[in-house]
Amino acid sequence: MNPYLAVAALVVLCVVVFLLPLIPALVELEREEDGLALKVIQEHAGEIRYFADGFRNYIKALEPTLQECLVSGGTAKGRMPDGAEYLVLGRREEAPLLPLEQHDEICPVVLATRADLVLPSATTFSRDIYAGGGFIGGIENCYRAILGDKDVRLGRGSRVMRWVHAVGEFRADEGCQLYGRISSDSAIRLHTGCSFLRLNAPRIETGPATRTEDQGKRTSSRPLNLPRMLYDHDFQIGAGNEFVGDLVVRGRLRVGAGARVWGNVKSGGELIIERDVLVSGTLISATRMHIGLGCTIRGPVIAERELEMEAGTRCGSPECPTTVSAPNITSAEGVAVFGTLWAREHGQVVKKA
Amino acid sequence: MIYVLYSIVSIICVYTARHYWFTLNRLFGFQRHPYIDIDTADWPRVTVLVAAHNEEKVIANILGALMTVKYPGDRMLVVPVNDRSTDRTREIIDEFVKRFPGRIRPFHRVTGKGGKAAALKDAMEMVETEVILIFDADYIPGSGLIKQLTAPFFDPEVGGVMGRVVPMNCGANLLTRLLDLERSGGYQVDQQARMNLHLVPQHGGTVAGVRLSALREIGGWNDRTLTEDTDLTYRLLLRGWKTVYQNRSECYEEVPETWQVRIKQIMRWAKGHNQAMVTYGLQLLFGQHRATLRERLDGALLLGVYIMAPFTMVGWVLALTVFYQGVAPLHGVLAILGVTAYATVGNMAAFFEIAAAVRLDGNCKRIRLLPFLILGFTVSIFAVSWAAFSQVKDALTGAEFHWDKTERYRKPAS
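Top line first, the protein sequences correspond to chains L and W.
Under numbering that gives the first Met the number 0, the residue at position 42 of the first sequence is numbered 41, and the numbers go up by one with no gaps.
Under numbering that gives the first Met the number 0, the residue at position 36 of the second sequence is numbered 35, and the numbers go up by one with no gaps.
The shape of chain W in the complex, shown without the other chains:
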């Protein structure tokens, strides 16, 4: 038992060190933005896929925004992927098709497997361009975003591109403010540090792009996964394609405003991520493929982020058990020193990362909300652990994954 505890503590320490490495890199390291300066070029033709399932509240906003972006109109085709919507989504899309003839070609899907990946897979019949950009319907792209997300595809090594997601409803309540801080840490520090260090920036499946030839090479969209973005990241990596992150390609999104929706969202992410870990973990670490050593290690750590929650809970239980059994690991004194050191340095790691991210964003006073993150972390750790537990249960009982659509809060555009 004590060795299991040692193992868990060791892995937690690795993640702690990683937090500090990433944060210090963002604060003091060389920052890579190699493609952001490409503002003049012979821009390629692109297809923008907008995934929409019952999105009557938000679909008009994104289609309207896409019609005003600075990209040659004859080289950009918008394909709203209307996935079996039962509300006014189809009607709104068709109105836009009439208003902007030739610039929007809708894909109305009325039957088929549920989920974004399955819808995107079916929509590929509409795609003829080498560059594909993907947005969820609740996002609002800025005028320069399409060029920024397309620019990295001039690099023949790039298979996928990911932009930065910025919550637009962050002031709604405590939850949205906490999610705003978490997103800040995740993108401003984690993703950009991975980009700087030539590690594995994660494809997020929205505000993102993928190269058609790379997608075909890896076998297209995988509709058997709950997180097609994580799945895509690893399949691209294993075939020698890079996913790059563009920190300055920012796009607004809506974050959940209720804890129930947030819990459902993070549970889906956790299940999809764990699924990718089981599918690609060993192959990534030990298989014969084109990923570098640092990509293998970072990729493996990235795959493990959600499984760390149940691991941590097991660690807590083991630590208490060991304590009440009267076992003094590492002669007692060393253990106390270790626990004390971790309490001061280790527990600070995630807070330090988010504080640095908020500061890099040029914000000041929202940093005062940092102590409340304990609340967010606590909810996440239990939700993610429950997701892992139910995933094992589903695997044993043969239950199918269930896709929960994230609720929208915006008032419909008039």
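Pulled out of the complex, with its shape left as it was, chain L reads as follows:
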């Protein structure tokens, strides 16, 4: 073979091998198929009622029909502008008129009513539901989403796949599984065995209703200009002691029973709060947190791994709502959170110890 030709062939081969990965790059540069700025979600900003507000706008098209059915007491069927089938009910007792022929069937229509709505049991509602009156769901139902203008009550063992928003009180009976966002403008009550992810309401309570006193006002506001104390190892605040200042502990932290902490508390390790403790600020643990019986926490409560709350715990107050968040939350009956309760992976209401 001609040596010049061989060298030329080698050079060409090298150039081809070098340029080969650039071909898709040049195509992308020319066509700009993926050249837009990364979409930064700016509209809803994590607003819990975002989907509920969207659905409220969506059913605005049904407004005349809803009113008509309410006045006439009749039902109406049709299709939404996006093609989804809807059923508007005029009276509470017409729920059995749902397009269901047998037990355990899937109800495939958007259901809407201005009246109260009582739904049968063991049914899957695969489209969103709007109730202008009170909503009472049967047991072991599965819902996609519910918007209720008054109280919403889910029967035992029901499941919610996306969201619920109640203008009135939301209540889930024993063993409900709430996978999405649950919000109320009034209150949320979850009974034993309920699992949850994200809850938001002025008042969230677990277990059966009991007469509880609002302790928010009882805790006077914390002193200003708090000093910060930083400990590199484990630390303990003795039972009944008072601690003033922001406390940062890089190891484990135990706050003894009846202690008062006027400031924010952070622990790099496990954080144990014994019974009847008051914390006027934030509670944060980089791992696991246990809050004992009858504690009052005024600020946000954050555990990066796991949070357990015992009965009588109160987080936030009606005047100063707050956020309680952890990947895994176990809450006993009798816990009250004012604001947001957010379990990233799993939240569970359990019986009192």
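Accuracy of the hints is not assured; some may be wrong.
Label pairs and their computed distance ranges (CB to CB) [to be verified]:
| no. | chain 1 | residue 1 | chain 2 | residue 2 | range |
| --- | --- | --- | --- | --- | --- |
| 1 | W | W20 | L | A256 | 42 to 48 Å |
| 2 | W | R358 | L | I22 | 19 to 25 Å |
| 3 | L | N240 | W | H107 | 49 to 55 Å |
| 4 | L | E241 | W | V391 | 54 to 60 Å |
| 5 | W | F285 | L | V39 | 28 to 34 Å |
| 6 | W | A342 | L | I22 | 18 to 24 Å |
| 7 | L | R161 | W | F29 | 22 to 28 Å |
Don't read these hints as lab results, they were simulated from the structure.
Nothing here was measured: the structure is a model prediction, and the numbers come from that model.
C-beta atoms are modelled at their ideal positions from N, C-alpha and C, and glycine is treated no differently.
Got chain L; can you put chain W on it based on the hints?
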């Protein structure tokens, strides 16, 4: 000479391993976003400082965006820090002050030392709140961003907060597309991995926040540095304050659209970073302070990122010299194996990181531009090396640092 080469190769290998560690952590590790869920709280009063020097093209956008954020209006004060602007910046700011009475209190600075840190230092007389948020004028905050950046300050260990920067003009040309990929890698992988691993997320000086008491404890803004953000990160760290990164607190910015502007920008970053390395490097590694061992090591590596460029160039020269001298390091065969292994694994590290970041962002086709990053890396390595060289020259001749403002490309808001 051969031992110098070994040392450089060893350090490069450490950085390579770090790239892989961070990327694998982002792909498979536990992801920390501890404060992002705080959506209900007794929100504290905040001051938002907007650094502006001749920003007539962009200042209206950020002020307009800040007036629509979801944060209690009576608890947020916006302070545009108009640093000796000679264009219409002052006029535009004053128009906003009239339109939103009580919500914007301008700080018009007409004299004084140049540079962002010096301007922020002077503007501190306007700050009365514990939480301070900082934006450059070309950024456009989303409606939830102020709450997201404020939330970490509920943690008493947090002294600084950093959000994520997302280029908005990424489709302008090849350079902006490459910078978009680099930013993606830097934030989506590097910063978040540092957050996950309890290392040292870097304060970026914009889309960021600082606690007033922490700032006072460390002596305020340092106006003798070119990168006040890096300086702040290390001074906070040495005094036991954490800087945290919020990957989901995203904010649009403009990236340079010409290579000249990009080179000036990266040279300033390199000089500021090297300055911090000289100032805090030894103290961080061996001094008595509150940083943990992993923070000391990661902090030192972070300080060294820009000095690695001239080191790498020295390594190339040494390797060629050794080769032409006929020296066979590590008995030749081992060296060949090492070079081959590095060529396949080591050189891939940065590309792997950026590819992972782009994938985590949910993008697909832009990943095809990855080979062009060689161009960006090449320009950066020479620019950063030149910056280090000129910095040494400046130190010897006693020349002052010079602040170059980054050019804006957006059309002025009407």
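Results of checking the hints against the structure:
1. W20(W) - A256(L): 42 to 48 Å: 43 Å, holds
2. R358(W) - I22(L): 19 to 25 Å: Holds: the Cβ-Cβ distance is about 21 Å, inside 19 to 25 Å.
3. N240(L) - H107(W): 49 to 55 Å: 51 Å, holds
4. E241(L) - V391(W): 54 to 60 Å: 57 Å, holds
5. F285(W) - V39(L): 28 to 34 Å: Between F285(W) and V39(L), where Cβ atoms are some 41 Å apart, the hint is violated.
6. A342(W) - I22(L): 18 to 24 Å: 22 Å, holds
7. R161(L) - F29(W): 22 to 28 Å: For R161(L) and F29(W) the Cβ distance comes to about 26 Å; the hint holds.
Hint 5 from the earlier list is the only one contradicted by this structure; the remaining hints agree with it.
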